[in-house]
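Novice: Given the structure of chain S, go ahead and fit chains P and U onto it with the hints provided.
Below, each chain spelled out in residue letters.
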Amino acid sequence: MKIWVLESILAATLLLAGAMSALAASTEAEFKAAYAAAEAANKEAGSLRNQWTTTAATLAAAKKAADSGDFDNAVAQAKEAEALAKASIFQATSEKERWKDLEIR
Amino acid sequence: MNARSAIPLASAALALLALAFVVPAATAADTVDPVADAKAFQKFFTDKFPKLKPEDFVNGPYSMNEDLHRQWEEKEQFPPYEFSLEAGKEMFTKPFKNGKSFEDCFPNKGIGIRQNYPYFDEKEGKVVTLELALNRCREASGEAPLSYVRDDMAALTAYMAFTSRGKPMDIKLPNDPRALEAYQQGKEYFYTRRGQLNFSCATCHVQSPGERIRAEVLAPALGILNAMPIYRSEWSGMGTTSRRFTTCNSQIRGVPLDPQADEYRDLEYYLSYVSNGLPISGPGARP
Amino acid sequence: MASTIRVRATSNGDTTEVQALIQHPMDSGFVKDAKGDIIPAHFIQELTFEYDGKAVFVADWGGGVSKDPYVKFAFKGGKKGDDLKVSWVDNKGATDTTTAKIQ
Chain S
1 MKIWVLESIL AATLLLAGAM SALAASTEAE FKAAYAAAEA ANKEAGSLRN
51 QWTTTAATLA AAKKAADSGD FDNAVAQAKE AEALAKASIF QATSEKERWK
101 DLEIR
Chain P
1001 MNARSAIPLA SAALALLALA FVVPAATAAD TVDPVADAKA FQKFFTDKFP
1051 KLKPEDFVNG PYSMNEDLHR QWEEKEQFPP YEFSLEAGKE MFTKPFKNGK
1101 SFEDCFPNKG IGIRQNYPYF DEKEGKVVTL ELALNRCREA SGEAPLSYVR
1151 DDMAALTAYM AFTSRGKPMD IKLPNDPRAL EAYQQGKEYF YTRRGQLNFS
1201 CATCHVQSPG ERIRAEVLAP ALGILNAMPI YRSEWSGMGT TSRRFTTCNS
1251 QIRGVPLDPQ ADEYRDLEYY LSYVSNGLPI SGPGARP
Chain U
2001 MASTIRVRAT SNGDTTEVQA LIQHPMDSGF VKDAKGDIIP AHFIQELTFE
2051 YDGKAVFVAD WGGGVSKDPY VKFAFKGGKK GDDLKVSWVD NKGATDTTTA
2101 KIQ
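Chains as they are written, first to last, in the working numbering: chain S, 1 to 105; chain P, 1001 to 1287; chain U, 2001 to 2103.
Derived by calculation from the structure, the hints in this document are not laboratory data.
One should not assume that every hint holds.
As the list claims (entries may be wrong) - Calculated pairs, PhoX-like style, for lysine-lysine (alpha carbon to alpha carbon, straight line, at most 20 Å):
no. : chain 1 : residue 1 : chain 2 : residue 2
1   : P       : 1039      : S       : 100
2   : S       : 100       : P       : 1043
3   : U       : 2076      : U       : 2035
4   : P       : 1039      : P       : 1109
Stated by the list, open to error - Derived coverage of chain P by chain U (criterion: at least 3 residues anywhere in the stretch with Cβ under 8 Å from a Cβ of chain U; other residues may be distant):
no. : segment
5   : 1064-1077
6   : 1233-1241
This one's a predicted model, so the numbers in the text were calculated from it and none came from an experiment.
We treat Cβ as the ideally placed atom computed from N, Cα and C, and that holds for glycine.
This is chain S alone, in the form it adopts within the complex (with noise of 0.2 Å):
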């Protein structure tokens, strides 16, 4: 009985928390912050040969919602289209040495 109480404590505490992050919607601006920010990193991993073909998909996905209004996801899909473009750089620096494990010797 106690342990039904402080779950549905914790769900309504969460709901709520929920609900204020959902109050809180993204704006434009800061969608042209983080599409900024995922161009520059995916412009970066071109200068290392390295992009990837879902980071370009994922930004295309982001202006769409962004030209449709729907900035909370577009900003959510910039931010993965950062996160992608990140993975990429990584991937070409580690690979500077890395590829060494697969070479025949």
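Specialist: Same frame as chain S, but now just chains P and U:
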């Protein structure tokens, strides 16, 4: 795969691969020794597939799987690349607007020379592939270059490969530090993992020849360019080396570079060199 | 213009083995081009091999057969030096035919 899980997955994949592969004992200073490389490369594959003769490797997946081999032998009596081959021969001898033809650009009118490509051009300081040489020939006569990934280029290289059938791959490495550098860059590219799927060329063609990726049987890296260009059933048509490099990149979710980018030219140089001695089998057919 | 049909027929006395490679786009009508438009259906509907005035092999094809189809079959009979006639008709009404000698 969910993009969100990509990063931890990518890192995990990197870590796993590092562990899965035995790290060799610390080597001396990384000096470039292509002769030793080629020897080790060929030994790796002949050890892995002791029943195969060295020349069998140029048939890719057909030497890896008995059922495929049987089907391929039947098809070779009436190969699917015949149309492309005929078109290529016609194109090769047809005059450009200025009266010249491809025959004027190549030694021996282009016959029986494919095994010498790619080569390191010491004047330019770069690797020149057969496809690049063909387009340069066109441009020198005021003709527009052909796409590196479409049928016409494939038809031309099919014809040239056919006239060299049976000849051993014969790539030269001049005593020029730039040539060695190009070779080394090609080698590094071959083993470097890329794309969101974190594959290198070696992941499939060194670690897993004879095994399957989805429904395809993987070819060994040894002799892999000897059969180019290839009629691929999957493409319902002929494909050049450029087409294969670019599509492999996009299949592992890496944005492909331009067809004759330096990286690809160097890669072709390396892969061809380490297969020296194996016969040209092009044009080829593949599933 | 060169024939779209390559054919080779060999007889061992009892049976004749036939191989043919036909140049044809065999578009199913379901594939889109780079612009997103459907590539219209264009495929061989009937392929016939005739020996001694009779059909020894007839194929009724649809869009599921791949580009540049390859056919292999054997039939009882057929003598060296005799003719084997091959012809096809596609969904646009185009045709091609060729005659080869049995080897």
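Novice: When I compare C-beta atoms, does the segment 1064-1077 of chain P have three or more residues closer than 8 Å to chain U?
Specialist: Per the Cβ count (3), the hint holds.
Novice: Given the hint that residue 2076 of chain U pairs with residue 2035 of chain U, test it: the Cα-Cα distance must not exceed 20 Å.
Specialist: Roughly 49 Å separates the two Cα atoms, so the pair is violated.
Novice: Mind checking the alpha carbons of residue 1039 of chain P and residue 100 of chain S for me, to see if they're no more than 20 Å apart?
Specialist: Holds, at roughly 17 Å.
Novice: Hinted pair, alpha-carbon criterion (20 Å max): residue 100 of chain S, residue 1043 of chain P. Please report holds or violated.
Specialist: Judged against 20 Å, a Cα distance of about 18 Å means the pair holds.
Novice: Is residue 1039 of chain P within 20 Å of residue 1109 of chain P, Cα to Cα?
Specialist: violated (33 Å)
Novice: At least three residues with a C-beta closer than 8 Å to a C-beta of chain U: is that true for the segment 1233-1241 of chain P?
Specialist: Result for this restraint: holds, n = 3.
Taken one by one, the earlier hints fail for this structure at numbers 3, 4, listed in ascending order.
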